[in-house]
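Asks: Chains A and B supply the protein sequences, listed in that same order.
Mapping to the working numbering: the first sequence position 123 is 123, numbers consecutive.
With the second sequence counted from 1, adding 361 to any position gets you the working numbering.
Calculated from the structure, these hints are not laboratory results.
Please note that the accuracy of each hint is not assured.
If we take Cβ atoms under 10 Å as the criterion, some of the chain A residues that face chain B in the derived model are [to be verified]:
{"#": "1", "residue": "7"}
{"#": "2", "residue": "40"}
{"#": "3", "residue": "41"}
{"#": "4", "residue": "43"}
{"#": "5", "residue": "46"}
{"#": "6", "residue": "154"}
{"#": "7", "residue": "214"}
{"#": "8", "residue": "218"}
{"#": "9", "residue": "262"}
{"#": "10", "residue": "271"}
{"#": "11", "residue": "273"}
{"#": "12", "residue": "316"}
In silico DSSO-like cross-links for lysine-lysine, where the CA-CA straight-line distance does not exceed 30 Å [what the hints assert, rightly or not]:
{"#": "13", "chain 1": "B", "residue 1": "689", "chain 2": "B", "residue 2": "557"}
{"#": "14", "chain 1": "B", "residue 1": "546", "chain 2": "B", "residue 2": "423"}
{"#": "15", "chain 1": "B", "residue 1": "519", "chain 2": "B", "residue 2": "478"}
{"#": "16", "chain 1": "A", "residue 1": "356", "chain 2": "A", "residue 2": "74"}
{"#": "17", "chain 1": "A", "residue 1": "190", "chain 2": "B", "residue 2": "573"}
{"#": "18", "chain 1": "B", "residue 1": "557", "chain 2": "B", "residue 2": "630"}
{"#": "19", "chain 1": "B", "residue 1": "575", "chain 2": "B", "residue 2": "605"}
{"#": "20", "chain 1": "B", "residue 1": "398", "chain 2": "A", "residue 2": "190"}
{"#": "21", "chain 1": "B", "residue 1": "668", "chain 2": "B", "residue 2": "689"}
{"#": "22", "chain 1": "B", "residue 1": "546", "chain 2": "B", "residue 2": "433"}
{"#": "23", "chain 1": "B", "residue 1": "704", "chain 2": "B", "residue 2": "423"}
{"#": "24", "chain 1": "B", "residue 1": "704", "chain 2": "B", "residue 2": "573"}
{"#": "25", "chain 1": "B", "residue 1": "575", "chain 2": "B", "residue 2": "704"}
{"#": "26", "chain 1": "A", "residue 1": "190", "chain 2": "B", "residue 2": "519"}
{"#": "27", "chain 1": "A", "residue 1": "44", "chain 2": "B", "residue 2": "398"}
{"#": "28", "chain 1": "A", "residue 1": "44", "chain 2": "B", "residue 2": "478"}
{"#": "29", "chain 1": "B", "residue 1": "605", "chain 2": "B", "residue 2": "628"}
{"#": "30", "chain 1": "A", "residue 1": "44", "chain 2": "B", "residue 2": "433"}
{"#": "31", "chain 1": "B", "residue 1": "408", "chain 2": "B", "residue 2": "519"}
{"#": "32", "chain 1": "B", "residue 1": "408", "chain 2": "B", "residue 2": "546"}
{"#": "33", "chain 1": "B", "residue 1": "557", "chain 2": "A", "residue 2": "44"}
All of these numbers come straight from a predicted model, not from anything done at the bench.
We put the CB at the ideal spot given by N, CA and C, even for glycine.
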Amino acid sequence: MNLRRLGTSLIAPLLGVGISIAVTSVILIAIHAQPLAVFSSMIKYGASAHAMTLILNLATTYFLSALAVAIGFKMNLFNIGVNGQYTLGAMVGGAVAGSLHLPTILSVPITIAVAMIVGAGWAGIAAWLKVARGVSEVISTIMLNFIATAIISYTIVRTSVGHETSLNVRGTAMIPESGMLRGIPLLDPKTEIYGFFFISIAIGILYWFVLNRTRFGYDLRATGHSATAARTSGIDAKRMTVITMLISGALAGLVGLPYLLGDAGSYNLNFPTDWGFTGIAIALLGRNNPIGIAVGALLWAFLDVASGQLILEGVPREITTIMQGVIVIVVVMSYEIVRRNQVKSEQKNVARALEKQEVSA
Amino acid sequence: MLKGVKLASVLAVAAMALTACGSTASPSSSAPTSDVKVGMAYDQDGKGDGSFNDAAYAGLSKAQTDLGVQIKEVNSGSSATDASREELLTLLAQDGYNPVIAVGFAYSTALAAAATKFPDTTFAIVDSVVDAPNVGSLVFAAEQGSYLVGVVAASASKTGHIGFIGGMEIDLIKAFEAGYDQGAKSVNPNIVIDSKYMGAAGDNTAWNVPEKAKAASAGMITNGADVIYAAAGGSGLGMFQAVKAAGAGHWAIGVDSDQYNVPSLAKYKDFILTSAEKRVDTAVYDVIKGVVDGTPLTGVQNFDLAKDGVGYSTSNSAVDAYKAAADKAAADIKAGTITVNTK
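Using the sequences provided together with the hints, build the complete structure.
Replies: Structure (C-alpha cells):
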C-alpha cells in the first residue's frame with residue numbers, strides 16, 4: 001500500500017520532467033540547437049562544485065518561499081502575497097541589521113525575528129480582512145504586494161533609511177560584517193554555502209513535525225479538508241485562518257534573508273522581488289510536503305543556475321523557463337488525474353459494498 | 362589610430378596563425394579580424410528595447426564589423442541576484458572574453474567582485490562607477506542631451522504644453538526630466554509640462570509596460586500636450602503608439618538610440634521628431650577599441666556633450682526648423698554658460 005502510494009506520487013514528477021525534456025528538445029531542434037549537447041552541458045556544469053554551491057544557495061531561498069505557500073495550501077489558503085511579505089521583511093530586517101553593531105550571535109537572531117514579524121504582520125492584514133470582512137486572501141495579498149513595493153520605494157528613496165550604496169543604486173545601509181550570516185565553503189573552496197542553508201533544513205523538519213505530530217497540525221489539516229466538519233468537531237476555523245496566515249507570513253519573511261545576510265549585505269532597489277511566485281510553483285510540485293518541496297527547489301535552482309551556462313553557448317536562457325513551466329503543468333495535471341481515479345475507484349468500492357448489503361438483506 | 366591598426370593587424374595575423382584553418386568566423390578575407398573576444402552582459406531581458414540596450418548592441422556590432430572582434434552576448438534574466446550576475450561575468454571572463462562589458466547599474470556589485478577575481482581582464486560598466494584598476498566606468502551627462510530635446514520640444518509645441526514619460530522613478534531618470542524641463546523653460550518660461558513615471562523605485566516592471574505608457578501619454582495629449590518625451594526603456598513604445606494615434610501635429614521624442622532609425626519602430630518614424638541620444642554605442646565601441654589597441658579604457662569616463670557622448674538626433678528633417686536653437690544651446694552648454702540641472 002505504502003509502496004503503491006510512493007509509486008503514484010513519483011509518477012507525476014517523473015512524467016513532468018520527461019515531458020518537459022521532450023517539449024524542450026522539439027524547441028531546441030526548431031532553433032537549430034542540439035538537444036543532447038545542451039542537456040549534457042547543463043548537467044556537466046551543474047555537477048561542478050562551484051555550480052552546486054550556487055544551486056544549494058538558490059534552493060535555500062526557493063525552499064523557504066515554497067514552505068510559506070505550502071502551509072497556506074494545507075488550509076486552502078492561497079497566499080500570493082509572499083513577494084510583498086518577504087521584500088518588506090528583508091527591507092526592514094536589512095535596515096535594522098545595518099544599524100546594529102552587535103556580535104553575530106545577537107545581531108542575526110534579531111534580524112531574523114524582525115523579518116519574521118514584519119512578514120507575519122503584513123500577512124496578518126490579509127488574515128484580518130478575511131475573517132472580519134470576508135475579503136478573499138487571493139485578492140488582498142496581491143494588492144498588498146503592490147502596496148509593499150510602494151512602501152519600500154518610498155522608504156528607500158525619500159527617508160533616511162535609504163542610502164546611495166553605489167552610483168545609481170539606493171538601498172539600506174550596508175550591514176556590518178558582524179551582522180552577516182556568512183556560510184562555509186563546503187563543496188567549492190571559493191564559494192560559500194549560505195549559513196541559512198542549514199537553518200532552512202531545521203525549519204523544514206520543524207514544519208513537518210508541527211503539521212504531522214501536533215494537535216495544531218491536525219486542526220490545520222482538518223480545517224483544510226473541510227471547514228464545516230472541523231467546526232462541528234470544535235475547531236475555531238477563524239482562529240486557524242489567522243494563525244496559519246501569520247505563520248505563512250513569518251516564513252515568507254525569511255525568504256529574502258539567505259541572500260541578504262549571505263551575500264547582498266543591503267536591501268537595495270535591485271533586490272529580486274518575485275521569489276514568492278517561484279514558491280507557489282515549487283509548493284505545487286512538492287505537494288506541500290517538505291521533502292517534495294526540497295527536491296522541487298533543487299530542480300528549479302538547478303535549471304536557473306544552468307541557464308547562465310546555456311546562454312554562453314548561444315542557447316537562450318528562456319529555454320529553462322519553458323522547462324519549468326512544462327514541469328509544473330504536467331505535474332499538476334497528473335496529480336489531478338490520479339486523484340480523480342482514486343475518487344472513482346473509492347466510489348466503485350462503496351457501491352459494491354452497498355450492493356452486497358442489499359443482496360444479503 | 363595608426364598604431365591601433367598596426368596592432369590589430371599583428372593580432373589578426375597571430376590569430377590566424379594560432380587558429381590555423383579551424384576558425385569559422387569572418388569568411389570575408391577583406392574584413393579585419395581580431396582575436397579579441399568581447400563579452401557583453403545586458404540586464405534582465407536585454408536587447409530589443411529599441412533604446413538603451415539596443416544602443417549598447419549597436420556599439421558592439423560596429424566593433425564586430427570594423428574591428429573584427431568576436432562577440433558573445435548574455436542577459437541576466439528576471440529576478441537576477443548579485444550572485445547570478447557575478448556568475449555570468451565570471452563565466453565570460455573564464456572563457457577568455459576580454460573586455461567584459463556590463464550594461465546597466467544593476468551590475469555594479471557583481472562587476473566589482475568579478476573584476477577582483479580577474480585582474481588581467483578589462484571590465485566596463487554602463488551608468489555606474491566601480492572603483493578598480495581594470496574597470497572602465499561609463500557615465501553619461503544625460504541631462505545635457507535632454508536639455509537639447511527640451512529646447513526642441515518647446516519650440517515645436519503649438520499648445521505650450523508638453524509631456525515627459527519616465528521609466529523608474531530614480532535619480533538616473535530624474536536627470537533626464539530635469540534637463541528636459543530646463544531646456545523647455547529656456548524657450549518658453551510659461552510652458553506646461555506633464556510628467557509621469559511608469560514605476561516607483563525598485564519596481565522592475567517600469568521599463569516594460571508600454572500599455573501603461575500609452576495610457577499616460579494619451580492622457581497628456583487629451584490635456585493638450587502636443588510633444589512628449591519618453592525616457593522609459595521598452596515602455597517608450599506606448600508613447601509612440603499614443604502619439605501616432607493622436608495624428609499629425611503631435612510629436613514624440615525618443616531616447617538613448619536614434620529611435621527614428623530603429624527598425625522595430627519604423628511604423629512610428631514619421632512622428633519621431635528627434636531623440637535625446639545617450640551614446641552608449643560610442644562608449645562601448647571605445648572600450649572595445651581600447652582593448653584591441655592595447656590601451657584599455659579604465660577609470661571614470663564621463664560622456665558629455667563636449668565629448669559627443671550625448672546629443673540630439675537630426676535624422677528626421679522635421680527637426681531642421683529647430684536646429685539653430687538646439688545647436689546654440691549645445692554650444693552654450695559646451696562653453697559652460699549654461700549649467701544643466703540633474704535634479
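Asks: Now, for every hint given, state plainly whether the structure supports it.
Replies: Against the structure, the hints come out as follows:
The beta carbon of residue 7/A comes no nearer than 35 Å to any beta carbon in chain B, farther than 10 Å, and the hint placing it at the interface is violated. Below 10 Å, beta-carbon pairs count as interface contacts, and residue 40/A has none with chain B, the closest being about 17 Å; its hint is therefore violated. Look at residue 41/A: its Cβ only gets to about 12 Å from chain B, farther than 10 Å, so that hint breaks. Annotation: residue 43/A was flagged as interfacial toward chain B, and the flag is violated, the nearest CB pair being 16 Å apart, outside 10 Å.
Of the supplied interface hints, the one on residue 46/A is violated, with its beta-carbon coming no nearer than about 12 Å to a beta-carbon of chain B, more than 10 Å. A least Cβ separation of about 7 Å between residue 154/A and chain B falls short of the 10 Å threshold, and the interface hint therefore holds. Nearest Cβ of chain B to the Cβ of residue 214/A: about 35 Å, over the 10 Å cut. The hint is violated. Proximity of residue 218/A to chain B is violated relative to the hint, the smallest CB-CB distance being about 36 Å (cut-off 10 Å).
Hint on residue 262/A holds. Least Cβ distance to chain B is approximately 9 Å, under the 10 Å limit. Hint status for residue 271/A: holds, given a least beta-carbon distance of 7 Å to chain B, under 10 Å. Checking residue 273/A against chain B: minimum C-beta separation of about 6 Å stays under 10 Å; hint holds. Using the Cβ-Cβ criterion of 10 Å, the hint placing residue 316/A at the interface with chain B is satisfied: the shortest such distance is roughly 9 Å.
Between residue 689/B and residue 557/B, the direct Cα distance comes to roughly 29 Å. Compliance with the 30 Å bound is thereby established for this hinted pair. Straight-line distance between C-alpha atoms of residue 546/B and residue 423/B comes to about 37 Å, which puts the hinted pair past the 30 Å bound. Between residue 519/B and residue 478/B, the direct Cα distance comes to roughly 56 Å. Violation of the 30 Å bound is thereby established for this hinted pair. Between residue 356/A and residue 74/A the alpha-carbon distance is near 37 Å, which puts this suggested pair outside the 30 Å criterion.
Distance restraint check for residue 190/A and residue 573/B: the Cα-Cα separation of roughly 45 Å exceeds the 30 Å cut-off, and the hinted pair is therefore not satisfied. Distance check on the hinted pair: residue 557/B and residue 630/B sit about 23 Å apart at the alpha-carbon level, within 30 Å; holds. Of the pairs offered as hints, the one joining residue 575/B and residue 605/B holds, with about 10 Å between alpha carbons and a cut-off of 30 Å not exceeded. At roughly 26 Å between alpha-carbon atoms, residue 398/B and residue 190/A fall within 30 Å of each other, so this suggested pair holds.
Between the alpha carbons of residue 668/B and residue 689/B the distance comes to roughly 17 Å, so the proposed pair stays at or under 30 Å and holds. Among the hinted pairs, residue 546/B with residue 433/B is inconsistent with the structure: their alpha-carbon atoms are about 44 Å apart, more than 30 Å. Annotation: proposed proximity of residue 704/B to residue 423/B is violated, straight-line Cα distance about 33 Å (limit 30 Å). Among the hinted pairs, residue 704/B with residue 573/B is consistent with the structure: their alpha-carbon atoms are about 24 Å apart, no more than 30 Å.
Distance hint between residue 575/B and residue 704/B is fulfilled; the C-alpha atoms sit about 25 Å from each other, no more than 30 Å. About 63 Å separates the Cα atoms of residue 190/A and residue 519/B, which puts this hinted pair outside 30 Å; it is violated. In summary, the hint linking residue 44/A to residue 398/B is supported, as the alpha carbons are separated by about 24 Å, within the 30 Å threshold. Straight-line distance between C-alpha atoms of residue 44/A and residue 478/B comes to about 23 Å, which keeps the hinted pair within the 30 Å bound.
With a C-alpha separation of about 9 Å, the suggested pairing of residue 605/B with residue 628/B holds against the 30 Å cut-off. With a C-alpha separation of about 21 Å, the suggested pairing of residue 44/A with residue 433/B holds against the 30 Å cut-off. Proximity of residue 408/B to residue 519/B is assessed by CA-CA distance (about 36 Å); at most 30 Å being required, the pair is judged violated. With a CA separation close to 34 Å, the supplied pair residue 408/B and residue 546/B exceeds the 30 Å bound.
A distance of roughly 48 Å separates the Cα atoms of residue 557/B and residue 44/A; the hinted pair therefore is violated under the 30 Å criterion.
Hint compliance for this structure: hints 1, 2, 3, 4, 5, 7, 8, 14, 15, 16, 17, 22, 23, 26, 31, 32, 33 are not met, and every other hint is.
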